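Residue numbers (our numbering), protein chains in the order written: chain A, 3 to 137; chain B, 3 to 137; chain C, 3 to 137; chain D, 3 to 137.
Check each hint, because a few of them may be wrong.
Below, simulated BS3-like cross-link-like pairs (lysine-lysine); rule was C-alpha separation at most 25 Å, straight line [what the hints assert, rightly or not]:
#1 D/Lys108 x B/Lys108
#2 C/Lys136 x A/Lys108
#3 C/Lys97 x B/Lys97
#4 C/Lys136 x D/Lys108
#5 C/Lys108 x A/Lys136
#6 C/Lys108 x A/Lys108
#7 C/Lys108 x C/Lys136
#8 D/Lys97 x A/Lys97
#9 D/Lys136 x A/Lys108
#10 B/Lys97 x B/Lys136
#11 D/Lys108 x D/Lys136
#12 B/Lys136 x A/Lys97
#13 C/Lys97 x A/Lys136
#14 D/Lys108 x B/Lys136
#15 C/Lys97 x B/Lys108
#16 A/Lys136 x B/Lys97
#17 B/Lys108 x D/Lys136
#18 A/Lys136 x A/Lys108
#19 D/Lys136 x C/Lys97
#20 B/Lys136 x D/Lys136
Rather than coming from a laboratory, the hints here were simulated on the basis of the structure.
As the structure is a prediction and not an experimental result, all values here were calculated from the model.
Here are the chains, one letter per residue:
There are 4 protein chains.
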Amino acid sequence: MSTLPLDHLPELLRQSPYHRLLGLEMITVAPDEVVVRMPFRADLVAGDDEAGQYIHGGAIASLIDTAGDFAVIAAVGRDVPTIDLRVDYLRAAPKGDLLATARTRKAGRSLAVADVEVTDEAGRLVAIGRGVFKT
Amino acid sequence: MSTLPLDHLPELLRQSPYHRLLGLEMITVAPDEVVVRMPFRADLVAGDDEAGQYIHGGAIASLIDTAGDFAVIAAVGRDVPTIDLRVDYLRAAPKGDLLATARTRKAGRSLAVADVEVTDEAGRLVAIGRGVFKT
Amino acid sequence: MSTLPLDHLPELLRQSPYHRLLGLEMITVAPDEVVVRMPFRADLVAGDDEAGQYIHGGAIASLIDTAGDFAVIAAVGRDVPTIDLRVDYLRAAPKGDLLATARTRKAGRSLAVADVEVTDEAGRLVAIGRGVFKT
Amino acid sequence: MSTLPLDHLPELLRQSPYHRLLGLEMITVAPDEVVVRMPFRADLVAGDDEAGQYIHGGAIASLIDTAGDFAVIAAVGRDVPTIDLRVDYLRAAPKGDLLATARTRKAGRSLAVADVEVTDEAGRLVAIGRGVFKT
Numbered sequence: 003m004s005t006l007p008l009d010h011l012p013e014l015l016r017q018s019p020y021h022r023l024l025g026l027e028m029i030t031v032a033p034d035e036v037v038v039r040m041p042f043r044a045d046l047v048a049g050d051d052e053a054g055q056y057i058h059g060g061a062i063a064s065l066i067d068t069a070g071d072f073a074v075i076a077a078v079g080r081d082v083p084t085i086d087l088r089v090d091y092l093r094a095a096p097k098g099d100l101l102a103t104a105r106t107r108k109a110g111r112s113l114a115v116a117d118v119e120v121t122d123e124a125g126r127l128v129a130i131g132r133g134v135f136k137t
Numbered sequence: 003m004s005t006l007p008l009d010h011l012p013e014l015l016r017q018s019p020y021h022r023l024l025g026l027e028m029i030t031v032a033p034d035e036v037v038v039r040m041p042f043r044a045d046l047v048a049g050d051d052e053a054g055q056y057i058h059g060g061a062i063a064s065l066i067d068t069a070g071d072f073a074v075i076a077a078v079g080r081d082v083p084t085i086d087l088r089v090d091y092l093r094a095a096p097k098g099d100l101l102a103t104a105r106t107r108k109a110g111r112s113l114a115v116a117d118v119e120v121t122d123e124a125g126r127l128v129a130i131g132r133g134v135f136k137t
Numbered sequence: 003m004s005t006l007p008l009d010h011l012p013e014l015l016r017q018s019p020y021h022r023l024l025g026l027e028m029i030t031v032a033p034d035e036v037v038v039r040m041p042f043r044a045d046l047v048a049g050d051d052e053a054g055q056y057i058h059g060g061a062i063a064s065l066i067d068t069a070g071d072f073a074v075i076a077a078v079g080r081d082v083p084t085i086d087l088r089v090d091y092l093r094a095a096p097k098g099d100l101l102a103t104a105r106t107r108k109a110g111r112s113l114a115v116a117d118v119e120v121t122d123e124a125g126r127l128v129a130i131g132r133g134v135f136k137t
Numbered sequence: 003m004s005t006l007p008l009d010h011l012p013e014l015l016r017q018s019p020y021h022r023l024l025g026l027e028m029i030t031v032a033p034d035e036v037v038v039r040m041p042f043r044a045d046l047v048a049g050d051d052e053a054g055q056y057i058h059g060g061a062i063a064s065l066i067d068t069a070g071d072f073a074v075i076a077a078v079g080r081d082v083p084t085i086d087l088r089v090d091y092l093r094a095a096p097k098g099d100l101l102a103t104a105r106t107r108k109a110g111r112s113l114a115v116a117d118v119e120v121t122d123e124a125g126r127l128v129a130i131g132r133g134v135f136k137t
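Full structure from sequences and hints, please.
Printed below as a string of structure tokens:
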């Protein structure tokens, strides 16, 4: 219940075995916005043939869940579980780093809502997501 | 475009580096339902403290995306990209194997919709998901 | 906060001006499932040209929200606000009555989740929906 | 298939019996953004007791579906069916006019995605929505 200082959030993110598995790292953190990067790794790729040479949608969903979660953590000062998550894939994500920018749209007593945008190295929007979190 | 025989689907699933990263494996496959397992691994866990000892929601979202995708592949006979994905987390998923059962609700000329249910080792429902895929 | 008896639910549904505007009526109610009908009315139609001769998606979303809400009311015994709602339109809904069958998938202390299926007069599935409600 | 001029959109919106039932009217229209108003009417209210004195979530979902749809129509120049719709209710919408501002996030050859924000008369955000449309 005690408030988490913002400068502790990058370490909190790294403490998760799953975040380390995907290589997620926090780039910037502010009360109203966080940026999380998923550096390119060969094992995030969807398929091993030519048609599958893009980042797997599940990895992108994981990035969105994490970035949204940390946007809410930054806003409310404590860890929060995800209630539901939605992801819209706008284009295939080419092999390369992905950047998720997450903003809290609501931070109420019982619920929070965060919006997340994911861009590729060329700055193109590859996916957008929205999550509800229990505060 | 050529039809994929059902017995090729377990291998198709394993061909994805991302599926191998998470350890996903196909258990059963039929034209109207597939079951995918995510065996427990320590690196799927959300946090390293006591409060984080459950499977990360991003891993569950990945499992749901994959199972839904393969339900549609089983129905239409070719690989299909995800258009959008939604996940409802019903309870924290305890450390252990997770099983995703996916069924195609619609398989049209341009779009398909799949429903996915995820259960833990005790058979309790931990999450439900729904995805739209481009056929 | 007092528990609502199940046989009061049809009247509770009719008490809403918006439900009366759309003509919604409760057909059956049980602790785990409710059925709500939206009888055909010309003013539920999407367009006035030939291409628009189907029930408007907003009317279907309203039917799904209401049926899901009442499934949760039947389960928890009091009125509950909708947190979020999702609707997948599987086929154009022809002019005619629509029937929504709603089931509670989770009814927890703070949240409930309901699934809704909408069928046309021929029994074909025209839409599926899912909602999260604050209990 | 022929392109719809933007100045025809307010009339196209009024041609829908369902839009007239709810009283929807187009306020502004541009290739990248449309604004639709739902003027207050007593029959849009959720309940007839004190606790129900807010705009029904189904009416708000209808407003979001319509505004998103017309944002895509403005972008692609022809009528488009909704594939799926999601609504997050951020606060109870007080009795009064609601304004939906919709923007197209993607307008591809087969699919479009639109984001919608709904504000009350005080300018507060009451709901946000996202829809996928078939282009």
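Do the hints match the structure? See the list:
no.: 1; hint: D/Lys108 x B/Lys108; result: holds (24 Å)
no.: 2; hint: C/Lys136 x A/Lys108; result: holds (15 Å)
no.: 3; hint: C/Lys97 x B/Lys97; result: violated (49 Å)
no.: 4; hint: C/Lys136 x D/Lys108; result: violated (32 Å)
no.: 5; hint: C/Lys108 x A/Lys136; result: holds (15 Å)
no.: 6; hint: C/Lys108 x A/Lys108; result: holds (24 Å)
no.: 7; hint: C/Lys108 x C/Lys136; result: holds (11 Å)
no.: 8; hint: D/Lys97 x A/Lys97; result: violated (49 Å)
no.: 9; hint: D/Lys136 x A/Lys108; result: violated (30 Å)
no.: 10; hint: B/Lys97 x B/Lys136; result: violated (33 Å)
no.: 11; hint: D/Lys108 x D/Lys136; result: holds (11 Å)
no.: 12; hint: B/Lys136 x A/Lys97; result: holds (21 Å)
no.: 13; hint: C/Lys97 x A/Lys136; result: violated (40 Å)
no.: 14; hint: D/Lys108 x B/Lys136; result: holds (16 Å)
no.: 15; hint: C/Lys97 x B/Lys108; result: holds (21 Å)
no.: 16; hint: A/Lys136 x B/Lys97; result: holds (21 Å)
no.: 17; hint: B/Lys108 x D/Lys136; result: holds (16 Å)
no.: 18; hint: A/Lys136 x A/Lys108; result: holds (11 Å)
no.: 19; hint: D/Lys136 x C/Lys97; result: holds (21 Å)
no.: 20; hint: B/Lys136 x D/Lys136; result: holds (11 Å)
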